[in-house]
Amino acid sequence: MTGETEQTFIGASRTTVVEEKVILDEEYDPGFAAEIVKYGGRDVKTCHQCGNCTGVCPYSLKTKYKTRNIIKMCQLGLKSLVLHTPWLCATCYRCYEHCHEDINAAEVMIALRHIAIREGNIPDFIVRVSKNVVKYGQSISPSREVEVLREQLELGPLPYARPKHAKNNTEIQHIIRATNYDELIHISARPEEDE
Amino acid sequence: MTGETEQTFIGASRTTVVEEKVILDEEYDPGFAAEIVKYGGRDVKTCHQCGNCTGVCPYSLKTKYKTRNIIKMCQLGLKSLVLHTPWLCATCYRCYEHCHEDINAAEVMIALRHIAIREGNIPDFIVRVSKNVVKYGQSISPSREVEVLREQLELGPLPYARPKHAKNNTEIQHIIRATNYDELIHISARPEEDE
Amino acid sequence: MTYGLFMGCLVPNRYPGIEWATEYLLNKKQLNVPTERIDDFTCCPVPGIFYSADKDTWLALAARNLVLAQENEKEILTICNGCYMSLHKAAEKLQDPKQRSKTNKVLKGVGKRYVGEEIPTDGRIKQYRPIQIKHLVEILIHDVGPEKLEEKVVHPLTDLRVAVHYGCHYLRPSENHQIENPNRPRYIDDIVKACGAKTVDYDEKLSCCGAGGGVRSHVKELADALTEDKIKSITKARADVIVTGCPFCLLQFDTAQSSLPGVNIPAIHLSSFVALALGADPLFLGFDLHNISVNPLLRKLRRGAIA
Amino acid sequence: MTYGLFMGCLVPNRYPGIEWATEYLLNKKQLNVPTERIDDFTCCPVPGIFYSADKDTWLALAARNLVLAQENEKEILTICNGCYMSLHKAAEKLQDPKQRSKTNKVLKGVGKRYVGEEIPTDGRIKQYRPIQIKHLVEILIHDVGPEKLEEKVVHPLTDLRVAVHYGCHYLRPSENHQIENPNRPRYIDDIVKACGAKTVDYDEKLSCCGAGGGVRSHVKELADALTEDKIKSITKARADVIVTGCPFCLLQFDTAQSSLPGVNIPAIHLSSFVALALGADPLFLGFDLHNISVNPLLRKLRRGAIA
Chain A
194 MTGETEQTFI GASRTTVVEE KVILDEEYDP GFAAEIVKYG GRDVKTCHQC GNCTGVCPYS
254 LKTKYKTRNI IKMCQLGLKS LVLHTPWLCA TCYRCYEHCH EDINAAEVMI ALRHIAIREG
314 NIPDFIVRVS KNVVKYGQSI SPSREVEVLR EQLELGPLPY ARPKHAKNNT EIQHIIRATN
374 YDELIHISAR PEEDE
Chain B
194 MTGETEQTFI GASRTTVVEE KVILDEEYDP GFAAEIVKYG GRDVKTCHQC GNCTGVCPYS
254 LKTKYKTRNI IKMCQLGLKS LVLHTPWLCA TCYRCYEHCH EDINAAEVMI ALRHIAIREG
314 NIPDFIVRVS KNVVKYGQSI SPSREVEVLR EQLELGPLPY ARPKHAKNNT EIQHIIRATN
374 YDELIHISAR PEEDE
Chain C
1140 MTYGLFMGCL VPNRYPGIEW ATEYLLNKKQ LNVPTERIDD FTCCPVPGIF YSADKDTWLA
1200 LAARNLVLAQ ENEKEILTIC NGCYMSLHKA AEKLQDPKQR SKTNKVLKGV GKRYVGEEIP
1260 TDGRIKQYRP IQIKHLVEIL IHDVGPEKLE EKVVHPLTDL RVAVHYGCHY LRPSENHQIE
1320 NPNRPRYIDD IVKACGAKTV DYDEKLSCCG AGGGVRSHVK ELADALTEDK IKSITKARAD
1380 VIVTGCPFCL LQFDTAQSSL PGVNIPAIHL SSFVALALGA DPLFLGFDLH NISVNPLLRK
1440 LRRGAIA
Chain D
1140 MTYGLFMGCL VPNRYPGIEW ATEYLLNKKQ LNVPTERIDD FTCCPVPGIF YSADKDTWLA
1200 LAARNLVLAQ ENEKEILTIC NGCYMSLHKA AEKLQDPKQR SKTNKVLKGV GKRYVGEEIP
1260 TDGRIKQYRP IQIKHLVEIL IHDVGPEKLE EKVVHPLTDL RVAVHYGCHY LRPSENHQIE
1320 NPNRPRYIDD IVKACGAKTV DYDEKLSCCG AGGGVRSHVK ELADALTEDK IKSITKARAD
1380 VIVTGCPFCL LQFDTAQSSL PGVNIPAIHL SSFVALALGA DPLFLGFDLH NISVNPLLRK
1440 LRRGAIA
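Chains as they are written, first to last, in the numbering used here: chain A, 194 to 388; chain B, 194 to 388; chain C, 1140 to 1446; chain D, 1140 to 1446.
Be a bit skeptical, because a hint or two may be false.
Derived contacts from chain A toward chain D, CB cut-off under 10 Å, selection only [to be verified]:
#1 Val339
#2 Val341
#3 Leu342
For lysine-lysine, the following DSS-like pairs were computed, each having C-alpha atoms within a straight-line distance of at most 25 Å [said to hold, decoys possible]:
#4 Lys324/A <-> Lys1251/C
#5 Lys1247/D <-> Lys1237/D
#6 Lys1232/C <-> Lys238/A
#7 Lys1241/D <-> Lys360/B
#8 Lys1291/D <-> Lys1167/D
Hints listed in this document are in silico derivations from the structure and should not be mistaken for laboratory results. For glycine and all other residues, C-beta sits at the position ideal for the given N, C-alpha and C.
Chain A with its partners taken away, still in its complex shape (with noise of 0.2 Å):
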């Protein structure tokens, strides 16, 4: 490798993985792509390397991270490598409506978000808004300056303040519950406990 040679990225960190890199071991899980395909990633295993989808993909013109190399790094199992990929992803589906084959690059990013918190990587706002909809019903929390404008405007209280929010929030709490997505990111769904 030579200051000369214009190295060829292939995904993640320009730093780490070039074409010259040698793939470690360690970097290697022969069962990435089965893995994703588990979680609904399933083109994964068929796309062909157009490059449409970087082509279109509104992030890959901003940062280091290119779809196509994404989908390339999945199918070579660089798992290490791309965990961190699919947060930067805005699920626009431009790709998907681009592919001429058809490979749904956002559902591989989705599957990979869904490796990623099963590995204990949770982003912090999942876990903020997952919070949110168990205590209010409503991802967003609510606001005394929107509550003062809403009497204004005679629109009647927000769902948390209705008088059936309690029925509701317990069927939510029990879904939570029942899909152990409590346990999947730490967070707490039962009725009377204070986090």
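Keeping the supplied structure of chain A fixed, place chains B, C and D upon it in accordance with the hints.
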């Protein structure tokens, strides 16, 4: 002085001046009242200490500095103990309005401000606002947000952006130099100079 | 068919004026679209969180809302692209008997069961179709129609230059819900024109606001960088306002611009825009809570009306 | 007499809507008070700074403004208590020949000389009186009158409960300028009532907003503590709005409340209040720049008008 005795507070900081306190020589300035008169606080000498001024003073109710006591300390020549007090005055003239003897305590405060500044105690805001006047002919610095609204309301340019602004500001700056105000508060009032 | 109004989380909790506007325009005296509130609806749930973290939880929470529509015999009318995609995709997934049965096992614990909307048959066997999910735009185009809307306009928003933002999940994935051609959408443009305003063309009209998929919460700078690109081309097109059918895109336009110097294009929801044209008093549209003031726009409209 | 409009610093630079409102209400079509702008006016100068630091500088800067009125043969109309006191006190001080001559020496360097307003005599010797300084309130009471104002009102502000704040330098020192009884003022109340609204009594009505004399800049907490007292008693009196003739007091009410929990009473300038009653479109009153939103008040007015 026992713990039981309620100390009679006569001004300044509660811990430094109480009636039991011995006034040190260096705290005493026999020419102080005359100096106050020189700067327009002529009434300082004739105050009878009835205390009406304290009773109507908005800040006397909120701080440990009481108008009557400040006047008394001026009479006593306790300069070093009162020079920081006159900035805690709204110049609302309620003291004057309600004084049976027509003592204008607010003007005593103004005189104390003059003296404090001449001793080098110049509050930041005096410098900041004076610089605005030198620079813009206005005490307030322009704001882009306001200028946008002015355009929408078709109100015409702000004074600092009007054609004759340069001439007007030259006049302001001349006046400020002619009265040595620039030297007094250590600012520059020359047209081309940047700060 | 009476629609069950699905307000979502963002509108009631951050932009209640959109709630007011939506009820105003669907009202009997205005466009007369029969709607009803279903107070027990909860979060759709938000796809950037639940569809990302656990699809089973996502599907069960969405199914709970769908069952409420089913019990009330309503189709669902959404005013948010996120709610639209989440509920639409869920209703579709629940057509798969395996998914449906798995989800119904979870719902059983809360006394609910999803079957879908019963459709008329010869009576021998019951048949069901997915609970129907409609975006406000579809209602305005198909149930009302631009012509009737135009007739109802009392304050045509003449001289306004509008940049329409469709938003990703209105357009895509078009496999799941094809409201219209995802590469040449025109419905919101048609509605805006029926209100008397002009729409402007701009680069990146079909691209993301920047905020989707959790990116706004996770890496705000990246979301804002995308928004900046869009805002720049919208500025270049000399638009007075961005009109969108998605409150989440609106939030992104409305907040990201605060950190972008020199740009200041108000964004308003399609509901508010139509309500203005129908004669709603701007005071009741809740623009107070917008970051980027809508008043310059309103002043332009008033000037136009005076001149 | 045509008045020279003295806008001061705060109104043009922070609340330009008050400038708009003032011109609107004095306008030929409204109250028809002949005014003219004198573009060369500069800072009055602000008494909390210049009268505190150096009275000679203060007097010379004020005299420069007075000479502009003298050259244009105008009386000065102010919309700010600070400008009012500063200019009024200066004009009075300049009656003292010693002060006048000292000040004129300074003014000579800028080609100006203060003599005052020439008054009609038998012609043998010229006689002068101080340049006349008028507060907007005086104009509305003496030149227009509450009766004529009431006739001109097209949108009576019925049902509004108004807490009038006079402000220190409108009232005091009454030795220098006695617009009315400083202990029982009623002019602003009379104007508010002519606009159709109610005024409420409250404790501390005659006391300081908290900000005067440089205290707001110097010890903000102390200023805010006073404001809190006033706001509390205004809240207790169930007022919808504070109306004042001083933009500096307005600024204090409008900004200090942000740090006071649970209070939110909008403050508006007398000009804006009267303009509203005369039919001005609130959009042009620049309420956008207020911290405490005026919209709840406007919504109440609209509701009243609808009901």
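Hint check results:
At about 13 Å, the closest approach between the beta carbon of Val339/A and any beta carbon in chain D exceeds 10 Å, and the interface hint on this residue is violated. Hint status for Val341/A: holds, given a least beta-carbon distance of 8 Å to chain D, under 10 Å. At a threshold of 10 Å, the smallest CB-CB gap from Leu342/A to chain D is about 8 Å, leaving the interface hint in force. About 23 Å separates the Cα atoms of Lys324/A and Lys1251/C, which keeps this hinted pair within 25 Å; it holds.
Between Lys1247/D and Lys1237/D the alpha-carbon distance is near 15 Å, which keeps this suggested pair within the 25 Å criterion. This hinted pair checks out: Lys1232/C and Lys238/A have alpha carbons roughly 22 Å apart, not beyond 25 Å. Taken as a hint, the Lys1241/D and Lys360/B pair is honoured in the structure, with Cα atoms around 23 Å apart against an allowance of 25 Å. Straight-line distance between C-alpha atoms of Lys1291/D and Lys1167/D comes to about 12 Å, which keeps the hinted pair within the 25 Å bound.
Hint 1 alone, counting from the list given before, is not met by this structure.
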